[in-house]
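Number of protein chains: 2
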Amino acid sequence: MGGQRVIGPRFRVRDFDLQEGGSLNSNDKSSNSGRDFSDLWNRPGSLIRRLHQIHVAIFLDECSEFKVTPVQFGVLTVLYDGQTLDQVTIASQIGVDRNTAADVVRRLERRGLLVRPKSTGDRRAKLAKITEEGKEFVDAVQPAMIKAQERFVSSLDDEDYDSMMRVMTKLLQNSNEHGRAPLRAFQKTGSAGK
Amino acid sequence: MGGQRVIGPRFRVRDFDLQEGGSLNSNDKSSNSGRDFSDLWNRPGSLIRRLHQIHVAIFLDECSEFKVTPVQFGVLTVLYDGQTLDQVTIASQIGVDRNTAADVVRRLERRGLLVRPKSTGDRRAKLAKITEEGKEFVDAVQPAMIKAQERFVSSLDDEDYDSMMRVMTKLLQNSNEHGRAPLRAFQKTGSAGK
DNA sequence: CGATAATAGGTAGTATACTACGAATATTAT
DNA sequence: ATAATATTCGTAGTATACTACCTATTATCG
Chain A
1 MGGQRVIGPR FRVRDFDLQE GGSLNSNDKS SNSGRDFSDL WNRPGSLIRR LHQIHVAIFL
61 DECSEFKVTP VQFGVLTVLY DGQTLDQVTI ASQIGVDRNT AADVVRRLER RGLLVRPKST
121 GDRRAKLAKI TEEGKEFVDA VQPAMIKAQE RFVSSLDDED YDSMMRVMTK LLQNSNEHGR
181 APLRAFQKTG SAGK
Chain B
1 MGGQRVIGPR FRVRDFDLQE GGSLNSNDKS SNSGRDFSDL WNRPGSLIRR LHQIHVAIFL
61 DECSEFKVTP VQFGVLTVLY DGQTLDQVTI ASQIGVDRNT AADVVRRLER RGLLVRPKST
121 GDRRAKLAKI TEEGKEFVDA VQPAMIKAQE RFVSSLDDED YDSMMRVMTK LLQNSNEHGR
181 APLRAFQKTG SAGK
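Chains as they are written, first to last, in this note's numbering: chain A, 1 to 194; chain B, 1 to 194.
Hints are all accurate, no fakes.
Just so you know, same-sequence chains aren't split out, so a pair can sit in one copy or run between any two.
Heads up, simulated SDA-like pairs for lysine to any residue below, C-alpha to C-alpha not over 20 angstroms straight-line: (1) K147 / D39; (2) K147 / W41; (3) K147 / S38; (4) K147 / R35; (5) K126 / D103; (6) K170 / D160; (7) K118 / E132; (8) K170 / E159; (9) K147 / N174.
Note that these hints are calculated values from the structure, not bench results.
Quick caveat: nothing in here was measured; it's all calculated off a predicted structure.
Let the hints inform the model, and build the full structure from the sequences given.
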């Protein structure tokens, strides 16, 4: 169960010529780090993008019967304990843009998985709170989510897994300021002054 | 240079209650691997998604004067040596969906960075070939792309960098079949039959 | 040769993820 | 208290990334 679609075309390359030409990047090791980004798949960004893409595919496959996306489940995860949060806070917790968070919340509201009471204190704020149905939904999906995570990293032994998680977390902590929507979870505590 | 936008709100958490409630995931180490995905940021998928997001942000920042995205630059990279490829081949080379590739190619054509001659042999196929302007564009953007990659991983020492690249590549090789748009670059050579 | 498969491309719809802009409300500084 | 600033949310637009369905063309098999 779950798609099982045969993926697609094998062996491309047909009537087009394969002459190998330009050099591109010319591998100038003289630059800062000596890391080689000449090949598309030597670029960390390419690997990350593709890995993200594959994770989403696996997640959607494992959770296909629930029709839920990783980000949607992330929102429900942070609301699970009953907190009532506004959109900006939700965005910063799950690490997405404010507008994206608003979209996601809207869709979850449409499905009755959360409600959006107005804030009494701040008349600008539109809060979000998980419903009983939402909590039951999370409980139901949880095993599939875990399966997706496990399947995603199933080819790694413990050493490689720990290594990857450690390095990715490190990267995230140091890059947090760059992206939009910095995470509170990774925020440098002392950087109030900027 | 490049934006310098002050990121945003610090200290959320205001008029909403912070009672800590449910257990969620209950940390059942009895499952297959003993890996703990209870926290959102212990999930490889969350880390990957966020890292991808940050890389895109850095890439767009470094390449802001060129108005180009990572995927667009990926297409230009595979076409740089003068190959004439159809959309399906391009998709499989850069690792995106066929439809996404069609979108990207359309935008690059609109900017004159590539042309789309019809295939003489196969009247279905619409090919893509980089223009002289496209090649010059790649040459101009290349340093910014490299800068983006270096900035993205700047917090890693050589050991961590090598480790991450190795593990990510390993993960990709083993997960290639799962995602849509399997990469030729990572295709298992022996699977010709199937 | 003719029916069937596979392949290439297109369109439409949805979700994530941004930017840019504007309106309403809240906070702060003068 | 008033003005300036910050914050919250909204809309609209673009790009990536899919699914689902469609047509046209090519390849394959009986």
